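Participant: These are the residues of each chain, in order.
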Amino acid sequence: MSKIIKDVNQLLREQLTDGQTILVGGFGLIGAPLTLIEELSNIDVSDLSIVSNNLGEKGKGLGKVLNQGKISKGIGSYFTSNPDVGERYQKGEIELQLLPQGTLSESIRAGGAGIGGYFTKTSVGTDLAKGKDIRVIYGEEYVFEPAIKGDVAFIKAYKADQAGNLVYYKTARNFNPLMATAAKYVIAEVEHIVEDGELDPEEIVTPHLFVDAIVQSRYILTKEGVVPVEREIV
Amino acid sequence: MSKIIKDVNQLLREQLTDGQTILVGGFGLIGAPLTLIEELSNIDVSDLSIVSNNLGEKGKGLGKVLNQGKISKGIGSYFTSNPDVGERYQKGEIELQLLPQGTLSESIRAGGAGIGGYFTKTSVGTDLAKGKDIRVIYGEEYVFEPAIKGDVAFIKAYKADQAGNLVYYKTARNFNPLMATAAKYVIAEVEHIVEDGELDPEEIVTPHLFVDAIVQSRYILTKEGVVPVEREIV
Amino acid sequence: MNVKLSRNELIAKRVAEELEGRLIVNLGIGIPTLVPQYLDNPEVFLHTENGMLGIDDVEEDNIDPNIVNAGKLPIAETKNSSYFNSAESFAMIRGGHVDVAVLGALQVDETGKIANWAIPGKNIIGVGGAMDLLVGAKKIVVAMTHLTKKNQIKIKKQCEFPLTSTRPVDMIVTDYAVFRVKNEELYLTELMPGVTLEEVKENTEANFTVQLKGEEVY
Amino acid sequence: MNVKLSRNELIAKRVAEELEGRLIVNLGIGIPTLVPQYLDNPEVFLHTENGMLGIDDVEEDNIDPNIVNAGKLPIAETKNSSYFNSAESFAMIRGGHVDVAVLGALQVDETGKIANWAIPGKNIIGVGGAMDLLVGAKKIVVAMTHLTKKNQIKIKKQCEFPLTSTRPVDMIVTDYAVFRVKNEELYLTELMPGVTLEEVKENTEANFTVQLKGEEVY
Numbered sequence: 001m002s003k004i005i006k007d008v009n010q011l012l013r014e015q016l017t018d019g020q021t022i023l024v025g026g027f028g029l030i031g032a033p034l035t036l037i038e039e040l041s042n043i044d045v046s047d048l049s050i051v052s053n054n055l056g057e058k059g060k061g062l063g064k065v066l067n068q069g070k071i072s073k074g075i076g077s078y079f080t081s082n083p084d085v086g087e088r089y090q091k092g093e094i095e096l097q098l099l100p101q102g103t104l105s106e107s108i109r110a111g112g113a114g115i116g117g118y119f120t121k122t123s124v125g126t127d128l129a130k131g132k133d134i135r136v137i138y139g140e141e142y143v144f145e146p147a148i149k150g151d152v153a154f155i156k157a158y159k160a161d162q163a164g165n166l167v168y169y170k171t172a173r174n175f176n177p178l179m180a181t182a183a184k185y186v187i188a189e190v191e192h193i194v195e196d197g198e199l200d201p202e203e204i205v206t207p208h209l210f211v212d213a214i215v216q217s218r219y220i221l222t223k224e225g226v227v228p229v230e231r232e233i234v
Numbered sequence: 001m002s003k004i005i006k007d008v009n010q011l012l013r014e015q016l017t018d019g020q021t022i023l024v025g026g027f028g029l030i031g032a033p034l035t036l037i038e039e040l041s042n043i044d045v046s047d048l049s050i051v052s053n054n055l056g057e058k059g060k061g062l063g064k065v066l067n068q069g070k071i072s073k074g075i076g077s078y079f080t081s082n083p084d085v086g087e088r089y090q091k092g093e094i095e096l097q098l099l100p101q102g103t104l105s106e107s108i109r110a111g112g113a114g115i116g117g118y119f120t121k122t123s124v125g126t127d128l129a130k131g132k133d134i135r136v137i138y139g140e141e142y143v144f145e146p147a148i149k150g151d152v153a154f155i156k157a158y159k160a161d162q163a164g165n166l167v168y169y170k171t172a173r174n175f176n177p178l179m180a181t182a183a184k185y186v187i188a189e190v191e192h193i194v195e196d197g198e199l200d201p202e203e204i205v206t207p208h209l210f211v212d213a214i215v216q217s218r219y220i221l222t223k224e225g226v227v228p229v230e231r232e233i234v
Numbered sequence: 001m002n003v004k005l006s007r008n009e010l011i012a013k014r015v016a017e018e019l020e021g022r023l024i025v026n027l028g029i030g031i032p033t034l035v036p037q038y039l040d041n042p043e044v045f046l047h048t049e050n051g052m053l054g055i056d057d058v059e060e061d062n063i064d065p066n067i068v069n070a071g072k073l074p075i076a077e078t079k080n081s082s083y084f085n086s087a088e089s090f091a092m093i094r095g096g097h098v099d100v101a102v103l104g105a106l107q108v109d110e111t112g113k114i115a116n117w118a119i120p121g122k123n124i125i126g127v128g129g130a131m132d133l134l135v136g137a138k139k140i141v142v143a144m145t146h147l148t149k150k151n152q153i154k155i156k157k158q159c160e161f162p163l164t165s166t167r168p169v170d171m172i173v174t175d176y177a178v179f180r181v182k183n184e185e186l187y188l189t190e191l192m193p194g195v196t197l198e199e200v201k202e203n204t205e206a207n208f209t210v211q212l213k214g215e216e217v218y
Numbered sequence: 001m002n003v004k005l006s007r008n009e010l011i012a013k014r015v016a017e018e019l020e021g022r023l024i025v026n027l028g029i030g031i032p033t034l035v036p037q038y039l040d041n042p043e044v045f046l047h048t049e050n051g052m053l054g055i056d057d058v059e060e061d062n063i064d065p066n067i068v069n070a071g072k073l074p075i076a077e078t079k080n081s082s083y084f085n086s087a088e089s090f091a092m093i094r095g096g097h098v099d100v101a102v103l104g105a106l107q108v109d110e111t112g113k114i115a116n117w118a119i120p121g122k123n124i125i126g127v128g129g130a131m132d133l134l135v136g137a138k139k140i141v142v143a144m145t146h147l148t149k150k151n152q153i154k155i156k157k158q159c160e161f162p163l164t165s166t167r168p169v170d171m172i173v174t175d176y177a178v179f180r181v182k183n184e185e186l187y188l189t190e191l192m193p194g195v196t197l198e199e200v201k202e203n204t205e206a207n208f209t210v211q212l213k214g215e216e217v218y
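Residue numbers (our numbering), protein chains in the order written: chain A, 1 to 234; chain B, 1 to 234; chain C, 1 to 218; chain D, 1 to 218.
The shape of chain A in the complex, shown without the other chains (with noise of 0.2 Å):
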């Protein structure tokens, strides 16, 4: 049974619920889903949570699906990339839990590794803490962050092999890997669709466990921007 998919479309028709919770990979637009975060916007789903650093620039990538009022939380590190965020929250459109970006990527990692929450310094004394357990451990602080975990999962890598096996390209890296691990059902959206045995063992950054489908890339970030590429499946 491949994981390849070819209709995205339905996929994520099949997989998507209103009231989810949904990991999106990516640095701003860079690592980002586009593709699954495009066909996102033709889906009628609702009432989403969102976990990704930002959600998208304005009117790009999560941009657009937050504008289309499918979004009500964002949980993120920063949100200030996208000024319709902070304009949807003052009118009390979304709701949003704001984490230290390396709180919110640890989270995932544990949600992800079966670890229930951890012991963090980050944000001790600050407004972020407010509210939360603070333990101290061998005479420090440490403020407790509970595991975040998704239903679905949108990464993306570079290259998948039929297996389902990925590599990620460059600083594109950033939170797909945790976010693959951290989701019940995890869509990789890749550029390439490669042979078993032609990534390198050594070299594979998340093993195919983690990953239940593979799409191929139908937008890619260039230096002019989001653009459509034509390719096809292997």
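Since the hints were made in silico from the structure, they are not lab data. Among the hints, erroneous ones may be present.
Okay, the calculated beta carbon distance ranges per label pair [stated by the list, open to error]: (1) V226/A <-> N8/C: 57 to 63 Å; (2) K138/D <-> K184/A: 36 to 42 Å; (3) D200/B <-> G194/C: 54 to 60 Å; (4) K149/D <-> K223/A: 27 to 33 Å; (5) K223/A <-> E59/C: 46 to 52 Å; (6) K184/A <-> K213/C: 29 to 35 Å; (7) D61/C <-> D18/A: 55 to 61 Å; (8) I134/A <-> K201/C: 53 to 59 Å.
Calculated lysine-lysine pairs in the DSS-like style (CA-CA distance at most 25 Å, straight line) [said to hold, decoys possible]: (9) K201/C <-> K156/C; (10) K182/D <-> K139/D; (11) K139/D <-> K184/B; (12) K159/A <-> K72/D.
Chain B side only, calculated, beta carbon under 7 Å to chain C, not exhaustive [as the list claims (entries may be wrong)]: (13) F27; (14) G28; (15) S77; (16) Y78; (17) G86; (18) L98; (19) P100; (20) T122; (21) G125; (22) N174; (23) P177; (24) L178; (25) L221; (26) T222; (27) K223.
Note that this is a predicted model, so its numbers are computed, not measured. Built from N, CA and C at the ideal position, the CB exists for glycine as well.
Use these hints to put chains B, C and D onto chain A, whose structure you have.
Facilitator: For chains B, C and D alone, kept in the frame of chain A given last:
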């Protein structure tokens, strides 16, 4: 200033003092820093706490150092591999802290990652959780485990470049990349030292910021067991 | 070829038959390591907790001392293998990314909980990955002989040996029978070839419900 | 070439001079991104929290949109660069593996604590990696203009803006002066070219000890 050190004996005499905690990579002899361990047996040091999955095998690897009486405490998951450990434990000559292998590895990762401690489901309700804090997270019981850190780490990698970036070989990777993050002073023993630029930035497993010193392997695990090798340092 | 299987082989073969569909499977040491030779499902991917996914048997000539399983036995790569560190490996296990763990056991109690890491009176100095597998794998299959070498009963009302986890296993395959565990109760669902129900009852201390084929009640 | 440096460039140049020996350095957005052009120490390795160690400036023609720093500006690889995921990157930061973080700040209080992530009255919707760097980097250098664009004082007795951390920074470099922080007290150790002590005093609300060269008292 090069990180490549030729005089291993002198390096260990400079870095080691009585009572330190040393992290030692390897799963049994596989991926163990055999040269550093051998040199440890030549150094006058005592009362060491060793964090390692095993304490070697009978008379081999850390087993040799154990028999010299230099180790006062072992923190690991499977001491059974060396019958001498059980014998010393029985006589009260060594203190042991037994952790599930996943907890051992996660605690070392936490130590290197600035995490004070974390909650795992592993060992809840068993003898190994006795006396440990339990916390209910999202309705499930977890046990608190504190991070583990070392004064010095002895790790084994396959290749290092001049900057100290490391790649590993097959299942000899195991605990080594974790331990490389969790000690104040990290010594990597490697089979090959290459020029900068020879390692692919995408396949580097341990970035150089974790590594303080690099030494050339003089003992290698082969099908015939541990054998000495003579190789020139680049 | 019609070679008579040993008790251990019989158990391993029955476990192999259970592994259907696409599965990530972790095999413990002992009888579980015999399972692969009876597997003909190409969608079973073997995981070993020392840091490898995708494992094959190795030919004597190709042994590499640095490619081993958790029992430190030499193994080989497959076409889609990958390597990872110990923390990542146990993240896979604890995080629920391993579908089936096949483990040996010293004792099983009548709620399906197992003891497989320590014997009272002996030094308790080794646990390895047993506890992580018990809490993390989606399904746990125990593969063990029904009796000890000294013919002592292993499936007991309560374990005398320390438990590995509070989580009951899902299935127990012995050389006498197959049990399924549901809601912390044991169901005898199969007898191994040539074994009678009476023999199973005589050699099992735990209570169990007989539910052999054709007797489905739930 | 004797080009007159802008205020920001002057600050960046002074910070660059501070980076001696083998160092892993993380640069925040704003003035800190100007630091590399004044660096001629080959043992400074730049770390960016979106997942890269070993960063160089990029030529216009070689821009790759998938190689960027934390400010999403294009950068280039060096000969010993490596890539890693966001959790690994912040593990490096929190775990104490980054030697120096050079950060901008909105305000600094007289104990050396900074506010650099949020302004009251505005939506507090972005923090990024600021808090992680504050708790994790071995040394924190603030690189900022002494006054706001509206000539408001930034080095105050207390920050009105929310603090980024309870940990004081180690050094503050502005276009007026250099301060060192010891035991939660500010020491003025250098005046920038053409700036008088009087001007610093007029434009600084926080108490500080004057300790210009030749006046070492501790």
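Participant: Run the structure past the numbered hints and jot down the numbers of the failing ones, going up.
Facilitator: Going through the list in order, the structure violates no hint and respects every one.
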